[in-house]
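Number of protein chains: 2
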Amino acid sequence: MDQEYNVNNGDNVNDIENEGLLDGKQNERYSSQFSDESMAYNEPFLVKRRNTTSQIAIIGANVCPIESLDYEVVENELFKQDWRSRKKVQIFQYVVLKWAFSLLIGLGTGLVGFFSNIAVENIAGFKLLLITDLMTKKKYFKAFAALAGCNVGLAAAAAALCALVAPAAAGSGIPEVKAYLNGVDAYPVLAPSTLFVKIFGSILGVSAGFVVGKEGPMVHTGACIASLLGQGGSRKYHLTWTWLRYFKNDRDRRDMITCGAAAGVAAAFRAPVGGVLFALEEAASWWRSALLWRTFFTTAVVAIVLRAFIQYCASGTCGLFGEGGLIMYDVSTVKVKYSLADLLAAILLGAIGGILGSIYNYLVDKVLRVYSIINEKGAIFKILLVIAVSLLTSCCSYGLPWLAKCIPCPTVVQDNCPAVGGSGNYKPFQCKPGYYNDLASLFLNTNDDAIRNLFSTGTTKEFHMPTLFLFFASIYCLGIITYGIAIPSGLFIPVILAGACYGRVVGRLFGSISRLDTGLFALLGAASFLGGTMRMTVSLCVILLELTNDLLLLPLVMLVLLVSKTVADTFNIGVYDQIMKLKGLPYMEAHAEPYMRNLVASDVVSGPLVTFSGIERVGNILHALRSTGHNGFPVIDEPPISEAPELCGIVLRSHLLVLLKGKYFSRDRVRTGQDIFQKFSASDFSKAGSGKGIKMEDLDIQEEEMGMYIDLHPITNASPYTVVETMSLAKAAILFRQLGLRHMCVVPKSQGRAPIVGILTRHDFMQEHIFELYPHIDPHKRTLDQPEEDI
Amino acid sequence: MDQEYNVNNGDNVNDIENEGLLDGKQNERYSSQFSDESMAYNEPFLVKRRNTTSQIAIIGANVCPIESLDYEVVENELFKQDWRSRKKVQIFQYVVLKWAFSLLIGLGTGLVGFFSNIAVENIAGFKLLLITDLMTKKKYFKAFAALAGCNVGLAAAAAALCALVAPAAAGSGIPEVKAYLNGVDAYPVLAPSTLFVKIFGSILGVSAGFVVGKEGPMVHTGACIASLLGQGGSRKYHLTWTWLRYFKNDRDRRDMITCGAAAGVAAAFRAPVGGVLFALEEAASWWRSALLWRTFFTTAVVAIVLRAFIQYCASGTCGLFGEGGLIMYDVSTVKVKYSLADLLAAILLGAIGGILGSIYNYLVDKVLRVYSIINEKGAIFKILLVIAVSLLTSCCSYGLPWLAKCIPCPTVVQDNCPAVGGSGNYKPFQCKPGYYNDLASLFLNTNDDAIRNLFSTGTTKEFHMPTLFLFFASIYCLGIITYGIAIPSGLFIPVILAGACYGRVVGRLFGSISRLDTGLFALLGAASFLGGTMRMTVSLCVILLELTNDLLLLPLVMLVLLVSKTVADTFNIGVYDQIMKLKGLPYMEAHAEPYMRNLVASDVVSGPLVTFSGIERVGNILHALRSTGHNGFPVIDEPPISEAPELCGIVLRSHLLVLLKGKYFSRDRVRTGQDIFQKFSASDFSKAGSGKGIKMEDLDIQEEEMGMYIDLHPITNASPYTVVETMSLAKAAILFRQLGLRHMCVVPKSQGRAPIVGILTRHDFMQEHIFELYPHIDPHKRTLDQPEEDI
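Residue numbers (my numbering), protein chains in the order written: chain C, 287 to 1077; chain E, 287 to 1077.
It cannot be assumed that every hint is accurate.
Since copy identity is lost for identical chains, a pair holds within one copy or between any two.
Below 20 angstroms or equal to it, Euclidean Cα-Cα: the simulated DMTMM-like pairs (lysine to aspartate or glutamate) are [as the list claims (entries may be wrong)]:
{"no.": "1", "residue 1": "LYS1035", "residue 2": "ASP538"}
{"no.": "2", "residue 1": "LYS747", "residue 2": "ASP954"}
{"no.": "3", "residue 1": "LYS947", "residue 2": "GLU990"}
{"no.": "4", "residue 1": "LYS424", "residue 2": "ASP863"}
{"no.": "5", "residue 1": "LYS691", "residue 2": "GLU879"}
{"no.": "6", "residue 1": "LYS1035", "residue 2": "GLU932"}
{"no.": "7", "residue 1": "LYS424", "residue 2": "GLU879"}
{"no.": "8", "residue 1": "LYS663", "residue 2": "GLU932"}
For the record, the hints were derived by calculation from the structure and aren't laboratory data.
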């Protein structure tokens, strides 16, 4: 049989670091936001139609062994032993610790969320106070210099952190978390340094007045906190603890990171249910009822923590942090009554949001590709790009308000008019007392306050139409050019800002026939644009409801989201999926592609198949580990151990390394059986934290030991999932994805052949790999025109 | 190899009808609420430690072929042909129809939900008006006679409908829907007659003053509506349409029924997001993102329909249906401020709810077992039982208020005091003007109004403690004895009533140290009891929030639910799971049991293995179909077709019947190949509606045809999922469950043997079957003490 296999990944010590752009045409590269330290970094990864095995071999590099989805890390004697030895107390401990960790994740994320809000409010508030002060003294140039100076300083600090300490902290982080939860183990994405930079970079970036949010970064932060806890701290920073061993498998870690992502959303929007739904709808690839419950617990903790802090700060002890530091646009005081006209308006808004959203995604993609060329040139270019964008943003936010006319303050008004402090709805800007500049109220505020102003009810006339158009256009463009620079940057806030703007415009247009408040139209506009870019439905809906605390708007929000998602989906995919694809993260969809129905499992098996005997020579194992990048090797029992050659199971590279490190050798070709328990305990084989496993360099095998034997049976997973070579590839893909496998054995259909045909890994199901093998498949037409079809 | 297999199910024409009690000790039987018409009905099913093949064979009877979870109904030439022939237009049609059907389900469920609310409000309102009228005239005996008479009349009507027309309509229906979505195809559960009885039985039952809700039945109603649409109407009632063919597979039907269940919750509680979450958390076994979106759409439609009707009825055109006909307890006007004391109160409430909930479940189980003996005796006994419970309920609701003292009306009150109409918070009962009877306010109201009274805020002193205790005790007991009688009966309302009662009690106790309103304590109490019985978390939380329209309570509700679920889970399982188990529905859990780790796939294979050749004699097929109840048969290619015997795939009974009916025979043992397309189209093989497939009796095979041959290759599923015989049973179970299989082939590990060892079906994974084979496994200790452990 010539079918061979390919199990990815050379040294999986640096789990990621090979990130590149997936683009068949120009082979341009997208400067990964991950560590540049790795050699492999410059290898484009998943490049189409380049038929070199090394390319293919790299692909699986980021794939984590998630065969443990079904909890049984390895179904063999050793681990049975482990289970048997687990006393009831230990299982109890395990369960209690799981919950304790959920609590810690909730507490941690809540704390960080609150801290970053306070920091942003204070830094940005101080900056705005300074400028307002200068403006009232008519020192216009000084005011601009102060604004631009502050912004550039903050931006440069954020960019420096990001470019020099943790490039993985740039961007939103949601695509990376999503990919991790799908089984793509990209180490720096969840590293402690990334966490640090994400928190402080996000505070600096948002304070610098960029059109970015802290919501996406909060999700990433939550996931990082969960990962740090799940790994039992960071060995690098000497923060470790012994509970570590309880969570040494992928499933538990993934569960914790799911909780972390949910906690992030909950902390960002004060939306605990929305957080759970976000984790469910957007982040997680596998889901269980038990996880729902734990996630829910985590977000509840976040909600309680935030509430406690807000009550503490209500007395004014948190500096410039007012009650509204955390975004919360309470519109529940407005009586919602809507008619048929409002339904039409909702559908119109949905359509606009869908179209604008898909254009937004398209442009973000293009800009990211351009930026990748710049960012690739080095850290200094990254920082310069950030500074350039910062200057542009400062120019917009200071320059454009000059175009707006001064408006006399409304006679009845709850807020101060003109505003006296840093925030407020009525910024005086250049106007004389008793007047305000509506565009300045939007531009020279924190983004959160700008959203609050746009969502504010009973303020129909207070933003003029040209102001809304101008603000929308600049936010839309700034949002596009800001995402992709080397700072932590969330997409939620720019999208909500732009959406709320056109929502208000539509509200004004429908003003005569609608009874809805313009502020509610702004909310619907934001929903439509969110739906158009992110393509979530239920979670966005719940997040918006929790933000605005008005359940009566629910049917309208649902309608808007449904329309905008439907419209946008006809053009392109969601922004997070798009970024994930751009970064070349090998995400496995839950469904099989239609062309897979016409291939069988053995059609996509590739690469050289390396197998071991049940009792193998040390030299052979070392050679195989050195010469291939495979992470899993089939073990075949041959006579005299069995009657005929038969597939014994599969061994993992990491487990082989443990045996080699521990020198579990014997002079003769015999089964050592239970002896292994004298040398190893089950926890020696449990999964190490990212980047912490035994490396090839750690081995010290003497020449005379090369001829000795290792009995692989105790560490062989004797129950690997297998498919017959003639199994439809579509069904094999579903099996692989649903069970969260890393390796799937392909066995021959007929007898009398070698007991294994090959191994399928995540990479083999990737569209790029299949199209490379079968270039005549047309993915767009998705027709079934290849000759092998009727096999 | 002696290992044999067992593929369940005799004639799957009556898909269910064999329902019995799963109880090893006494073999008592729980009278199923399903059709008594079936012969098989009296067979206890899943009886432990009775080693007769017929018993085993019955078990799979209710299992529907859900191998189509991965969309590929059968992975063979015929269906590839089908896919190829599907023009783009058809796929477009398919997608549009899916959405159209979701719309229809939403509209239908919304309409039915609203209709039943109006009906209940009018019938019960009329009854209560009559009694109030008689009471004010001091005709106390007449009033009781009127109450009891109305109640018994309504109850008897409901029971008659239920016992004679559709026994499957009794009870809540949620366990059956849950089982269906897990793959248990129980025909009468979703039949049109069940829908009819569910709607009208529920209206009559609730109007009869039983302590039951219409919420569970609404879920069932939604599922029935979806099923009716999915099957393309009912052939029996001459309501069919041709779109039928688009949804002739299990996956599409299951999707629609998921939407229906969500729509039911949405209609019952006006909680669209809660409905989606309910479907996700409690109902569905498989879930996709696309389904989330469609479910969301359906519930949005329901919400809009309900809103439109309520606006229509607001002008008073719906008789006694007031604004509050649909439960909606708006507490958003209350300012929520809570302190540490309230957190403690919430934890206390959670603990109480957990303990009371688990006792409730325990008692419901016991009462159901007793009732099953009564119900089994015949329809007349069912009706008598209903009448007895109805009389008892009437006695309680009329008799107990006499024990309460008259309370002077509060001086400042929004409601009328004493109440003048049918509903209201201050029932005069026997009291003189200016006074009211607080217990009568709870008993002599519809359940919805009673809940509204308990949830009402600013009414701390208006229900006295003895009243609350008495009402709680009676509702708790009545709730337990009412569930299980032959009327459609939801569990939500009794649980909410009882929970709200003790919530108020706790609220009074904490009154001095808490700033929370007693009405909010009632809400938390209801949450705790719901959590303690039903064990849902996120969906209950969202449903309660949508009901009460107050998001600020969220953290407290979450805390209460978490505590109550945790406490209750230490004692027993949720009430729906318990009922499902009692009914013997073979539900497959998402996780494998620990003892399964110590068994391998071939350990549980049982029953005679019947296989076919690739080209098989008609006589053999007929004989196998007649003599076994199997639904799937392995097809083995033998020389000369293949070099050595090899597993070709699996054929389904239903597909064989199509070939036999169509007389697709040939005189010689040859492959007929593509000829099959001249006789059949793909739609001939698509799954018929429940109970509508070809039956054995429909066949008319002549004697001379018995010797002819059928080429089975075109209808053989050539890519069945297989496991090696040494695969851990735990992993096999997860594969089976995750992919939603019906048949899983077990293949030999070593070569040179028959190509198939046996077939695993849902039944083989059931605990009862495994414990029958291995009685020494102790499910409670879950130790791993069997000798075969270290295979």
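Here is what the structure says about each hint:
{"no.": "1", "hint": "LYS1035 <-> ASP538", "verdict": "neither (36 angstroms within a copy, 32 angstroms between copies)"}
{"no.": "2", "hint": "LYS747 <-> ASP954", "verdict": "neither (90 angstroms within a copy, 86 angstroms between copies)"}
{"no.": "3", "hint": "LYS947 <-> GLU990", "verdict": "within (15 angstroms within a copy, 73 angstroms between copies)"}
{"no.": "4", "hint": "LYS424 <-> ASP863", "verdict": "neither (48 angstroms within a copy, 72 angstroms between copies)"}
{"no.": "5", "hint": "LYS691 <-> GLU879", "verdict": "neither (55 angstroms within a copy, 71 angstroms between copies)"}
{"no.": "6", "hint": "LYS1035 <-> GLU932", "verdict": "both (14 angstroms within a copy, 7 angstroms between copies)"}
{"no.": "7", "hint": "LYS424 <-> GLU879", "verdict": "neither (63 angstroms within a copy, 75 angstroms between copies)"}
{"no.": "8", "hint": "LYS663 <-> GLU932", "verdict": "neither (52 angstroms within a copy, 59 angstroms between copies)"}
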